[in-house]
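As a plain string of letters, each chain reads:
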Amino acid sequence: MSAGFLIKEGFSGLTRAKTPSFVAIATIAISLTLLGGAYEIGSEVYDIFVRMQSRFEMEVFLLPSVTEHDKSEVEQRLENHPQVTSIHYVSKEEAARRFSKEFGEDLSEVLDYNPLPSSYRIRLDTRSISFSQITSLAESLEKQGGVDEVKYRRQLLGTLQQYYTIFLAVGGIILLVVLGAAVFLISNTIKLSIFAKREVIEIMRLVGATDRFVKTPFVIEGVVHGAIGALIASVLLLVIIRGTNFLLTGIVNTGIDMEIWLVPAFLGVGMMFGFIGSMRSVRLFLDRTR
Amino acid sequence: MIDFYNVTKNYGNGIGVRNLNFNIRKGEFVCVVGASGAGKSTILKLIYMDEFPTTGKVVVNDYDSSMIEPESIPHLRRKVGMVFQDFRLLSDRNVFENVGLALEVMHVNRREIKKRVLRALNSVGIGHRAQYYPRELSGGEQQRVSIARAIVKDPFVLLADEPTGNLDPDIARDLLALMQRIHERGTAVIMATHNYNLIKNRPFRRIRIEQGEMVDS
Numbered sequence: 001m002s003a004g005f006l007i008k009e010g011f012s013g014l015t016r017a018k019t020p021s022f023v024a025i026a027t028i029a030i031s032l033t034l035l036g037g038a039y040e041i042g043s044e045v046y047d048i049f050v051r052m053q054s055r056f057e058m059e060v061f062l063l064p065s066v067t068e069h070d071k072s073e074v075e076q077r078l079e080n081h082p083q084v085t086s087i088h089y090v091s092k093e094e095a096a097r098r099f100s101k102e103f104g105e106d107l108s109e110v111l112d113y114n115p116l117p118s119s120y121r122i123r124l125d126t127r128s129i130s131f132s133q134i135t136s137l138a139e140s141l142e143k144q145g146g147v148d149e150v151k152y153r154r155q156l157l158g159t160l161q162q163y164y165t166i167f168l169a170v171g172g173i174i175l176l177v178v179l180g181a182a183v184f185l186i187s188n189t190i191k192l193s194i195f196a197k198r199e200v201i202e203i204m205r206l207v208g209a210t211d212r213f214v215k216t217p218f219v220i221e222g223v224v225h226g227a228i229g230a231l232i233a234s235v236l237l238l239v240i241i242r243g244t245n246f247l248l249t250g251i252v253n254t255g256i257d258m259e260i261w262l263v264p265a266f267l268g269v270g271m272m273f274g275f276i277g278s279m280r281s282v283r284l285f286l287d288r289t290r
Numbered sequence: 001m002i003d004f005y006n007v008t009k010n011y012g013n014g015i016g017v018r019n020l021n022f023n024i025r026k027g028e029f030v031c032v033v034g035a036s037g038a039g040k041s042t043i044l045k046l047i048y049m050d051e052f053p054t055t056g057k058v059v060v061n062d063y064d065s066s067m068i069e070p071e072s073i074p075h076l077r078r079k080v081g082m083v084f085q086d087f088r089l090l091s092d093r094n095v096f097e098n099v100g101l102a103l104e105v106m107h108v109n110r111r112e113i114k115k116r117v118l119r120a121l122n123s124v125g126i127g128h129r130a131q132y133y134p135r136e137l138s139g140g141e142q143q144r145v146s147i148a149r150a151i152v153k154d155p156f157v158l159l160a161d162e163p164t165g166n167l168d169p170d171i172a173r174d175l176l177a178l179m180q181r182i183h184e185r186g187t188a189v190i191m192a193t194h195n196y197n198l199i200k201n202r203p204f205r206r207i208r209i210e211q212g213e214m215v216d217s
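Just so you know, the sequences run in chain order A and B. Per our numbering, the first sequence starts with residue 1, numbered consecutively. Per our numbering, the second sequence starts with residue 1, numbered consecutively.
Same shape as in the complex, but just chain B (with noise of 0.2 Å):
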């Protein structure tokens, strides 16, 4: 599903990431797990392709980085999610409309958007909330409307940036419990953290990233 071949990424100001070499199958939950500024979101950037291998190559279903015209990129990313720490949600849209604008996009039509995006925010615990706008929602429930925005695509792998980098350890762990429950339904979720303690007991296969080198998996 998910395919690194020998990718290696050079910033201008350093390394990104060096001669990584591995395979994220269907349906998996991997954590890329290290320290800040190890790699871990250059990895995701790869993956839905806002960044470009310098040598070697990422193939993602089948869209192949060496390959890939800039036209199809749009393609790939409606069938990826994506979370982010900061949420990136826009202050200026409610969250029914935030959640539909991944569905906008795709020229989903308007019946079938708001049948879906309900559905995606009552399967994160946050359909009471569809009329507010983020800046009335806590960092828990903006991130749970982030992530209803990642899955109303139904996406093949759901991939999570340190999404529990804002937020207490108790509403971290209802979200990682969130995210288990979204790959219980099939969907493979790919997640940054360099939070250990968050994941250490969980049965989560761990690619750990140092220096922009993989060094375990």
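For reference, chain A alone in the conformation it holds in the complex (with noise of 0.2 Å):
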């Protein structure tokens, strides 16, 4: 059998016909790094807007008059609720304390009476929740007995989520966009590598070689190919992201790293496309030279 010599073609390739090889490399290289890159900034913009949204904060402010029923009411209200994720209770003390503490004043010194109202402070997870839902909630609550008034900031929240949404189309139009450049540059790479060597595929069937015996070395060089602009990318992106992170150092915090996960990931996606992109691109060759 000759898998030795096909392997050994597979991997002679790269040296015979450096130009198409390097050219082919440096596109796989680039579009693994454009997709990662891609990849890393959508999912820090996406986390910033979950741990926004997952820590938002909502005031429940209670009457002066309120009873110890209407609090264990109000509590059980805001314990049963699937989306509260903390509940903290304010006391008229606390309040104080915290008011002095932020502005300075002692509010005793001040007036001679405590102004502040008690208050329930609650964490909601705004993820999985609309924003009408969270305008209800907070209707119903004011209607609870001992609850003056409920205040969010429900413009912050209007805008957050409706950028939400927006980030969430426009990434992935931005990915699906960066994703077929990608296939489109690669597919289009290989073909012209394919061409560049069309001699060695016509002299090959001219002495009896089949189908499968021309497109083996074509396949196995593609993935090779694959490979090393997988590798190329994870260097390239991870230099990319440190240089940022360098340049920016003091200015702003990015908090971005390069995740360890993508190097698997850009070898198995460069060498899918490697695989798909040369066997497609030497079968269509084939069936045409026929």
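Please keep in mind that the hints were generated in silico from the structure rather than gathered at the bench. All figures in this text were calculated on a predicted structure; none of them were measured in a lab. Any given hint could be a false lead.
[To be verified] Under the rule of at most 20 Å between Cα atoms (straight-line distance), these lysine to aspartate or glutamate pairs were calculated in the EDC-like manner:
{"no.": "1", "chain 1": "B", "residue 1": "K79", "chain 2": "B", "residue 2": "E28"}
{"no.": "2", "chain 1": "B", "residue 1": "K200", "chain 2": "B", "residue 2": "D216"}
{"no.": "3", "chain 1": "A", "residue 1": "K215", "chain 2": "B", "residue 2": "E71"}
{"no.": "4", "chain 1": "A", "residue 1": "K215", "chain 2": "B", "residue 2": "E69"}
{"no.": "5", "chain 1": "A", "residue 1": "K215", "chain 2": "B", "residue 2": "E97"}
{"no.": "6", "chain 1": "B", "residue 1": "K79", "chain 2": "A", "residue 2": "E202"}
{"no.": "7", "chain 1": "A", "residue 1": "K18", "chain 2": "B", "residue 2": "D92"}
{"no.": "8", "chain 1": "A", "residue 1": "K8", "chain 2": "B", "residue 2": "E112"}
{"no.": "9", "chain 1": "B", "residue 1": "K45", "chain 2": "A", "residue 2": "E202"}
{"no.": "10", "chain 1": "B", "residue 1": "K79", "chain 2": "B", "residue 2": "E51"}
{"no.": "11", "chain 1": "A", "residue 1": "K8", "chain 2": "A", "residue 2": "E199"}
{"no.": "12", "chain 1": "A", "residue 1": "K92", "chain 2": "A", "residue 2": "D112"}
{"no.": "13", "chain 1": "B", "residue 1": "K79", "chain 2": "A", "residue 2": "D211"}
{"no.": "14", "chain 1": "A", "residue 1": "K143", "chain 2": "A", "residue 2": "E68"}
{"no.": "15", "chain 1": "B", "residue 1": "K45", "chain 2": "B", "residue 2": "D64"}
{"no.": "16", "chain 1": "B", "residue 1": "K79", "chain 2": "B", "residue 2": "D50"}
{"no.": "17", "chain 1": "A", "residue 1": "K71", "chain 2": "A", "residue 2": "E94"}
{"no.": "18", "chain 1": "A", "residue 1": "K215", "chain 2": "B", "residue 2": "D50"}
{"no.": "19", "chain 1": "B", "residue 1": "K45", "chain 2": "A", "residue 2": "D287"}
{"no.": "20", "chain 1": "A", "residue 1": "K101", "chain 2": "A", "residue 2": "D112"}
{"no.": "21", "chain 1": "A", "residue 1": "K143", "chain 2": "A", "residue 2": "E73"}
{"no.": "22", "chain 1": "A", "residue 1": "K215", "chain 2": "B", "residue 2": "D92"}
{"no.": "23", "chain 1": "A", "residue 1": "K215", "chain 2": "A", "residue 2": "E202"}
{"no.": "24", "chain 1": "B", "residue 1": "K45", "chain 2": "A", "residue 2": "E199"}
{"no.": "25", "chain 1": "A", "residue 1": "K143", "chain 2": "A", "residue 2": "E59"}
{"no.": "26", "chain 1": "A", "residue 1": "K92", "chain 2": "A", "residue 2": "E73"}
{"no.": "27", "chain 1": "A", "residue 1": "K8", "chain 2": "B", "residue 2": "E97"}
{"no.": "28", "chain 1": "A", "residue 1": "K8", "chain 2": "B", "residue 2": "D92"}
{"no.": "29", "chain 1": "B", "residue 1": "K200", "chain 2": "B", "residue 2": "E210"}
{"no.": "30", "chain 1": "B", "residue 1": "K45", "chain 2": "A", "residue 2": "D211"}
[As the list claims (entries may be wrong)] With the Cβ distance kept under 7 Å, some of the chain A side facing chain B (calculated, not the full set):
{"no.": "31", "residue": "S2"}
{"no.": "32", "residue": "F5"}
{"no.": "33", "residue": "R16"}
{"no.": "34", "residue": "I203"}
{"no.": "35", "residue": "L206"}
{"no.": "36", "residue": "V207"}
{"no.": "37", "residue": "G208"}
{"no.": "38", "residue": "A209"}
{"no.": "39", "residue": "T210"}
{"no.": "40", "residue": "F213"}
C-beta: ideal position from N, C-alpha, C; glycine also.
Each of the two chains sits in its own frame; use the hints to bring them together as a complex.
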């Protein structure tokens, strides 16, 4: 069996056709770097959204006349709500302490009574709840006995949810466009590199090579191109991310670092691109020249 | 061994060959003679089934052009040696690798390839050039490599399409003598040429083609 010959042929294509190999590897590396970069930025922005949305705060202010019964009803209501992640009761005294901490003024020195109401500070995970559901939660809490008013950053929440939807749509489109461009670029580069080797293909067929025999070295070469391109992309992305972080030191902390699982993911995607691209291109070439 | 039955091949831009009927027997040396564009190359392409008749059929041993499956064509070509005017050697492989390629595609093992390639190279008088690259060889030497590649697989027929077309007359005569020696060892040879002077005093059967038609055999 000539498996050794076919594997050797596949690898030697790298040195025999240096320019097409270089172009194919560079295309795969650049495409994967772009994809990886788009993913990293996207996932970081996504994390910011998630952080903001999962820690959204709402304050339920209580009337001075609130009874223990009212409070326990409010508490029960909040505890039973699936999107409420934490509940903290702020007594009038604690509110006064917070006030003096924040404003540096002791209320008891200015007024002879404590005007601040007691309240519940709650955290909501707003990822799986719509703007209107939050509004209706707030409205229903306001109707609860002993509740004076419910405050939350209504406008911020609306904007956040609106931008989150836009981000998901635009991010998805950008990722698809980059992916489409990568597939198009890689498949065309492989087509060109196979066209550059049409002489080898023609001669192999003349001396009696089967289509599978002709195809195998090109497919091996495509997979090797994919693997090398993926490794280069991993290094390139790491350098870009670390370089950006370094340049932005002291200005902004991006908090972005390359996720290690991207290396095997790049390898998988790169080798798959190489495999499918070369398989498809060589088959098209063989069919066209038959 | 090779039979043409009412073979016509039309190309989009004009006729290739028309109504050919002939038979080539085992071990024959046949020259297909005619001017450029007469249809000589088409006849050879029809034999190694790079082209198929528009009407009629070509039968090469057990391979019938009207019934052959695409997967069987490589198997036919492993039994047919081919030599071209432009040599068709791979410039990025040395002489040994160029000749060995014909056996690699047949899955012959490494040791056997080495033995048979060196034997073929020596039989065409070029064994000492095994490690050279085609660009380092003269035209005559390159054609010998191409002949070695054709005979290394012990074909039953050697098809040569204007094999001396790019060579000096002396070298052309040497190559013809080489093909005669191959023929004497039992391989049929079909050579297409427009150079009538090269073969006029030789005892070869001639098939004369003019504008795609056979005028003399």
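Now for the hints, and whether the structure bears them out:
no., hint, in the structure
1, K79/B <-> E28/B, "holds, 16 Å"
2, K200/B <-> D216/B, "holds, 14 Å"
3, K215/A <-> E71/B, "holds, 14 Å"
4, K215/A <-> E69/B, "holds, 19 Å"
5, K215/A <-> E97/B, "holds, 19 Å"
6, K79/B <-> E202/A, "holds, 17 Å"
7, K18/A <-> D92/B, "holds, 12 Å"
8, K8/A <-> E112/B, "holds, 18 Å"
9, K45/B <-> E202/A, "holds, 14 Å"
10, K79/B <-> E51/B, "holds, 17 Å"
11, K8/A <-> E199/A, "holds, 18 Å"
12, K92/A <-> D112/A, "holds, 14 Å"
13, K79/B <-> D211/A, "holds, 17 Å"
14, K143/A <-> E68/A, "holds, 17 Å"
15, K45/B <-> D64/B, "holds, 14 Å"
16, K79/B <-> D50/B, "holds, 14 Å"
17, K71/A <-> E94/A, "holds, 17 Å"
18, K215/A <-> D50/B, "holds, 19 Å"
19, K45/B <-> D287/A, "holds, 18 Å"
20, K101/A <-> D112/A, "holds, 18 Å"
21, K143/A <-> E73/A, "holds, 12 Å"
22, K215/A <-> D92/B, "holds, 19 Å"
23, K215/A <-> E202/A, "holds, 12 Å"
24, K45/B <-> E199/A, "holds, 17 Å"
25, K143/A <-> E59/A, "holds, 15 Å"
26, K92/A <-> E73/A, "holds, 19 Å"
27, K8/A <-> E97/B, "holds, 12 Å"
28, K8/A <-> D92/B, "holds, 14 Å"
29, K200/B <-> E210/B, "holds, 17 Å"
30, K45/B <-> D211/A, "holds, 19 Å"
31, S2, "holds, 5 Å"
32, F5, "holds, 5 Å"
33, R16, "holds, 5 Å"
34, I203, "holds, 6 Å"
35, L206, "holds, 6 Å"
36, V207, "holds, 4 Å"
37, G208, "holds, 4 Å"
38, A209, "holds, 4 Å"
39, T210, "holds, 5 Å"
40, F213, "holds, 6 Å"
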